[in-house]
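In terms of the working numbering, the sequence shown opens at residue 153 and continues consecutively.
Everything labelled a hint here was simulated from the structure, so no lab data went into it.
Because the structure is a prediction, the values reported are computed rather than measured.
The hints are all genuine.
Ranges of calculated distance between the beta carbons of each label pair, as one might list FRET restraints:
1. N297 <-> T327: 34 to 40 Å
2. E198 <-> A234: 30 to 36 Å
3. A174 <-> T309: 20 to 26 Å
4. A211 <-> E187: 18 to 24 Å
5. T361 <-> M307: 22 to 28 Å
6. T208 <-> N297: 15 to 21 Å
7. Q273 <-> T309: 22 to 28 Å
8. N297 <-> V201: 23 to 29 Å
9. T327 <-> P359: 17 to 23 Å
10. L202 <-> R175: 22 to 28 Å
11. G274 <-> T361: 34 to 40 Å
12. G366 <-> A234: 33 to 39 Å
13. A368 <-> E276: 34 to 40 Å
14. G176 <-> D203: 27 to 33 Å
Where is the CB? At the ideal position from N, CA and C, for every residue including glycine.
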Amino acid sequence: MRIVIAGGHGQIALRLERLLAARGDEVAGIIRKPEQADDLREVGAEPVVLDLESATVDAVAQALQGADAVVFAAGAGPGSDASRKETVDRAAAVLLADAAERAGVRRYVIVSSMGADSSHQGDEVFDDYLRAKGAADDAVRSHKNLDWTVLRPGMLTNDAGKGLVTLAASTGRGTIPRDDVAAVLAELVDSPATAGLTLELISGAAPVTVAVKGVAGN
153 MRIVIAGGHG
163 QIALRLERLL
173 AARGDEVAGI
183 IRKPEQADDL
193 REVGAEPVVL
203 DLESATVDAV
213 AQALQGADAV
223 VFAAGAGPGS
233 DASRKETVDR
243 AAAVLLADAA
253 ERAGVRRYVI
263 VSSMGADSSH
273 QGDEVFDDYL
283 RAKGAADDAV
293 RSHKNLDWTV
303 LRPGMLTNDA
313 GKGLVTLAAS
323 TGRGTIPRDD
333 VAAVLAELVD
343 SPATAGLTLE
353 LISGAAPVTV
363 AVKGVAGN
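Based on the provided sequences and hints, a complete structural model is requested.
Rendered as structure tokens:
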């Protein structure tokens, strides 16, 4: 498969790129800063320099030509203000969906967040984040020509992954290592039977492959 990952220099994305390249997939990562390119090459991914906050749909669609799947793993990140939650966490995800549709790429996996909800209440920046992520999910799910899956991990950690997870429509609160999020994403992009699902993810007892097969087609 050829898989293009938006937010290609993110912590989850770099882990995912390494996994996909190691299993023989062709991987490209969309990045904003040219100086990040060597980090992607180091994990086996092709860097594509493109700013999703200013790029056109046509430009992004061009970058997606020939892809079998796209993953939205971009984020404004901690310390960013509400305006960047809007331009990155929401608008860039919608842009990627529009571009995937234009490029004829059906498989679209978006990394969301547990608690994401476009009608979430609150005045803190994290509340803005949850609203932006929820609005992005809603927009992606409205694309009739995409085989989308929304993945909503719990609280992310940098603990070593154990490969044991709980993946379901509703899991309850919990933590999840970024290693294990990447492993689940690697399975999801290659599991079209999970299209149309919004899934929560936390650490658990099921091996990743078993967990993904368990929700496929539900």
